[in-house]
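All chains, please: the whole structure from these sequences, using the hints.
Protein chains in written order, with this note's numbering: chain A, 11 to 555; chain B, 11 to 555.
It should be emphasised that the hints constitute simulated quantities derived from the structure, not laboratory data.
A portion of the hints provided could be inaccurate.
Unchecked claim - 35 angstroms max Cα-Cα, derived DSBU-like pairs, lysine-lysine: (1) B:Lys480 - A:Lys40; (2) A:Lys408 - B:Lys136; (3) A:Lys346 - B:Lys388; (4) A:Lys136 - B:Lys136; (5) A:Lys180 - B:Lys40; (6) A:Lys40 - A:Lys222; (7) B:Lys322 - A:Lys408; (8) A:Lys281 - A:Lys322; (9) B:Lys480 - A:Lys491; (10) B:Lys408 - B:Lys480; (11) A:Lys520 - A:Lys487; (12) A:Lys408 - B:Lys480; (13) B:Lys491 - B:Lys408; (14) A:Lys491 - B:Lys40; (15) B:Lys40 - B:Lys388; (16) A:Lys94 - A:Lys408; (17) A:Lys26 - B:Lys408; (18) A:Lys408 - A:Lys346; (19) A:Lys487 - A:Lys40; (20) B:Lys408 - A:Lys40.
2 protein chains.
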Amino acid sequence: MAKNKAPRRPRAETPKGFRDYFGPDVTERKAMLDTIAGVYHRYGFDPLETSAVETLEALGKYLPDVDRPHAGVFAWQEDDEGGKGDWLALRYDLTAPLARVAAQYRNELAFPYRRYAMGPVWRNEKPGPGRYRQFYQCDADTVGAPSVAADAEICAMLAEVFEELGLGGKYIIRVNNRKVLEGVMEVAGILDPAEPSRFEAERGIVLRAIDKYDRLGEDGVRALLGEGRRDESGDFTEGAGLSDEQVTKIMRFVNAKSEIDSRMHRYWEAKGSPNIVHDNDPTAVALRSGGVGRSTQAGRAQTPESSNEMLKHTVAYLLEIVGTSEVGAEGVEELKHIAEILAAQGYPPDRIIIDPSVVRGLGYYTGPVYEAEITDEKGRSSRFGSVAGGGRYDDLVKRFTGQQVPATGVSIGVDRLLAALRADEEESGTTRGPVVVTVMDRARMAEYQAMAAELRAAGIRAEVYLGNPKNFGNQLKYADKRGAPVAVIQGEDEAARGVVQVKDLVLGAKMAEGASLEEWKSQPAQREVPREEMVAAIREILERG
Amino acid sequence: MAKNKAPRRPRAETPKGFRDYFGPDVTERKAMLDTIAGVYHRYGFDPLETSAVETLEALGKYLPDVDRPHAGVFAWQEDDEGGKGDWLALRYDLTAPLARVAAQYRNELAFPYRRYAMGPVWRNEKPGPGRYRQFYQCDADTVGAPSVAADAEICAMLAEVFEELGLGGKYIIRVNNRKVLEGVMEVAGILDPAEPSRFEAERGIVLRAIDKYDRLGEDGVRALLGEGRRDESGDFTEGAGLSDEQVTKIMRFVNAKSEIDSRMHRYWEAKGSPNIVHDNDPTAVALRSGGVGRSTQAGRAQTPESSNEMLKHTVAYLLEIVGTSEVGAEGVEELKHIAEILAAQGYPPDRIIIDPSVVRGLGYYTGPVYEAEITDEKGRSSRFGSVAGGGRYDDLVKRFTGQQVPATGVSIGVDRLLAALRADEEESGTTRGPVVVTVMDRARMAEYQAMAAELRAAGIRAEVYLGNPKNFGNQLKYADKRGAPVAVIQGEDEAARGVVQVKDLVLGAKMAEGASLEEWKSQPAQREVPREEMVAAIREILERG
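Listed below in structure tokens is the structure:
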């Protein structure tokens, strides 16, 4: 009979590409974000929390992948206005909402407006292994500060975040300037200051090609700058169509880092310096191993002197490749200024470095760009890779107001940074469970609850077993699964005698693993104590553990 | 020319019904949630964070307003599967995702599973003043605990949350049991234990009518129980169609609180007790003022004795009105048990009370229900009203698995509770801004940054002014808008002499308001100190403020 047919049950499944976070996943991320917020606060940044939902028009087409404007977001139309409702969407980053806020509250906020924001963002992309459609970002931005001092400040603050998270000596922050690339593009004839909108498509292709250097290598990038590139699957990506001469000019930028490194190498060789054979010098390591490209060149300099020398060589080379371009020279000048400000603040020159190989894929950057990488103790790239990136974007607010508002900021990839932190701290993931008060006698539930309350009042995490108490073995299994350090047991007999059994579950587990019968007897994992000494006995066990 | 026409600028607006949170709005809420999480943790609850997005089928039709199943959520269809994509939606509460998690991970989790969750939820409703479409919830639930000890624990924990937030003496938690109402419905002939699905629609109307008592009053509820009700606007709401006799039976439940209060009144009168004339007794106040209904009857008892007496009278009355109904008697028994457990834990009987007027609008509750209200010092209702509510819902997980899983939990209305806390603490909203290092000489930016870094290293929140430094007045206006306590000033002259000007902006503002010329001179708000004494001088000012 149709009427009695059971309705199909809904599937109990996290939607594709989303995930659930349990226990330590939540608390460890929170602890990390609290530390970061503390640093941001100390630098004068104020928190801002916008809602998850924005109008699609406010989000605009500034999606990370400019190949597909308007794709990649979760969007829907307001339904109660006869088909004319606004299109709403989940934010895909924290920068677009900031641009909206800076425009909307431009008369109320104190500018320069330093703000930080942390929270989930959403991308409507094909989920894959380790690729989620909701993830956390943690941003700090300064809106309304035209000077590159604001960019330097963000880099310094980022360094302090890593130091405070206990990653001292295990990170590197690389700074570059888009204007240098613009200068190179001008020299290569694909940027005309008199007609900025010409060659826009070509410049977009060049930018994305350079950003893919790590994956495609030099030949792949060259192909994309020229006619195009066919990948292993046979798919063809159209190139920028540049001439060989133009490609050569762009490649002088792409290969800037290795060219500067070679010059440094020759310089130190001529001076007979020990720098290039120092074991801890990743530049030297890279050179010895013949490696090229960003990933093997942390470019870490060892002393203020070598760092200064590196800066000099970098500036000289960059001035060469930007030739007569005004914007290019401006970019080089800004990089120098950032380096000076950071040096004056005492930032170790091997932590924040000028690195011409940094590009950042996003189209909207207009000046300094920066990214941070977690390294091993020797400053070499680790498997965690880039954990933060940002730069100056002077045009985002202009979309709303028509007036250019200078802005710069960084976004920390929370999940990657957390993974790096966890790998760094061994004891992670082993959060201790609560003390479990077992239930021997259902009628005495109120007394068990009172025991737990007493423990909590003493600051000890505690709970009463609230499942079906019939099978006592299940209660101990539960305590084990919860990671409980101690179980409290009081049956009718113990209650009559005014005592409780206190069971040390950590010791018990250890003894079960390998203790001899003698040990079992000499160090009992379970002992009887007077009811009024319960809290003291448990505290003793917890302090021992 | 169409080509050169400027594109229409997007509106810089928060979408309708959403809002932005700035500075203290964010930090004060965070501090409150941190305190709540601390209490939950101590009770053995573990954090869970699910994503904002669920499949629509997992959310189900358990929306708060059962009149409109499936309405009220923000939903969209996955677009990349030829029109057959899943429907996704933003979660409308934290309970539906918990039910999904409890079913999905039923083999991995340790049951009973105590979890807490905090985060935004979304409702696709018409926005109105103070009505937002995204707001925070903060929930604690126990899944897999059949005993009402779990409900008692949630109530105790809720009381501890309020105590720890500094609201001791300013809250009241009311507990009732749906089974009592079910018993009354059975007696009134609209619940047949042998055929539970009969009269479902009628019971839904009755439930919602009772929950609207505060707004509609006794006559309004009676109308909805009978033929229906026409409101001032002329709209007609259909009633449950009960007979006068049935309505009378239901109204004995609706008026339980005032009936019990009257009986208590007569009881104390007969005993000649001072209780009914005690000024602090809101029950007495309500009776004197002739008030009826929930909002004027906090029902707070003054002593363990009077509280015991109240419980006895309540139990007796409830047993009367549930007559021969088994489920009704069970409900009364459970209420008694909860009261006993809480008393054994030493919860003040005037903080957590049995109150038959509590119903809770949600259809899914199956046993104990509870809600918390912020009161004034005398225990009387305050403008903040109900700030938390919850109850037992034994059928939510069953939707997925077919097996009944007992569960109970509470949801705290974060915004309301925060408003109550802010009203309680005077100094709220006046977060102190950072020390502002002004820029007199653009070429010395690196040195200004170094000053700010020095202050931060000493634990003092500090920032450099990063706007256009030309107009110095603007810099001081900025410092004022930021709530900066101190401004640091160093021009060329000061730099040459190795000093800085330290300006006490708090004192300065006070003096500008009302100081005489003499005072201005005797207590200068700005003084010159040697550069190396800058940090000490500023610390002194901050400690004074």
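Consistency of the hints with the structure:
1. B:Lys480 - A:Lys40: The given pair, whose Cα atoms are some 41 angstroms apart, is violated under the 35 angstroms limit.
2. A:Lys408 - B:Lys136: 31 angstroms, holds
3. A:Lys346 - B:Lys388: 67 angstroms, violated
4. A:Lys136 - B:Lys136: 33 angstroms, holds
5. A:Lys180 - B:Lys40: 30 angstroms, holds
6. A:Lys40 - A:Lys222: Answer holds: lysine 40 (chain A) to lysine 222 (chain A) is near 33 angstroms, not above 35 angstroms.
7. B:Lys322 - A:Lys408: At roughly 70 angstroms apart (the allowed maximum being 35 angstroms), lysine 408 (chain A) and lysine 322 (chain B) break the hint.
8. A:Lys281 - A:Lys322: With Cα atoms ~16 angstroms apart, lysine 281 (chain A) and lysine 322 (chain A) stay inside 35 angstroms; holds.
9. B:Lys480 - A:Lys491: 65 angstroms, violated
10. B:Lys408 - B:Lys480: 68 angstroms, violated
11. A:Lys520 - A:Lys487: 16 angstroms, holds
12. A:Lys408 - B:Lys480: OK: lysine 408 (chain A) and lysine 480 (chain B) at ~23 angstroms, within 35 angstroms.
13. B:Lys491 - B:Lys408: Violated, at about 55 angstroms.
14. A:Lys491 - B:Lys40: Since the Cα atoms of lysine 491 (chain A) and lysine 40 (chain B) sit roughly 31 angstroms apart, the hinted pair holds (cutoff 35 angstroms).
15. B:Lys40 - B:Lys388: 29 angstroms, holds
16. A:Lys94 - A:Lys408: Within the cut-off at roughly 27 angstroms; holds.
17. A:Lys26 - B:Lys408: Distance of about 23 angstroms is within 35 angstroms: holds.
18. A:Lys408 - A:Lys346: 28 angstroms, holds
19. A:Lys487 - A:Lys40: Holds: lysine 487 (chain A) and lysine 40 (chain A) sit about 29 angstroms apart, inside 35 angstroms.
20. B:Lys408 - A:Lys40: 32 angstroms, holds
Checked against the numbered hints above, the structure violates hints 1, 3, 7, 9, 10, 13; every other hint is satisfied.
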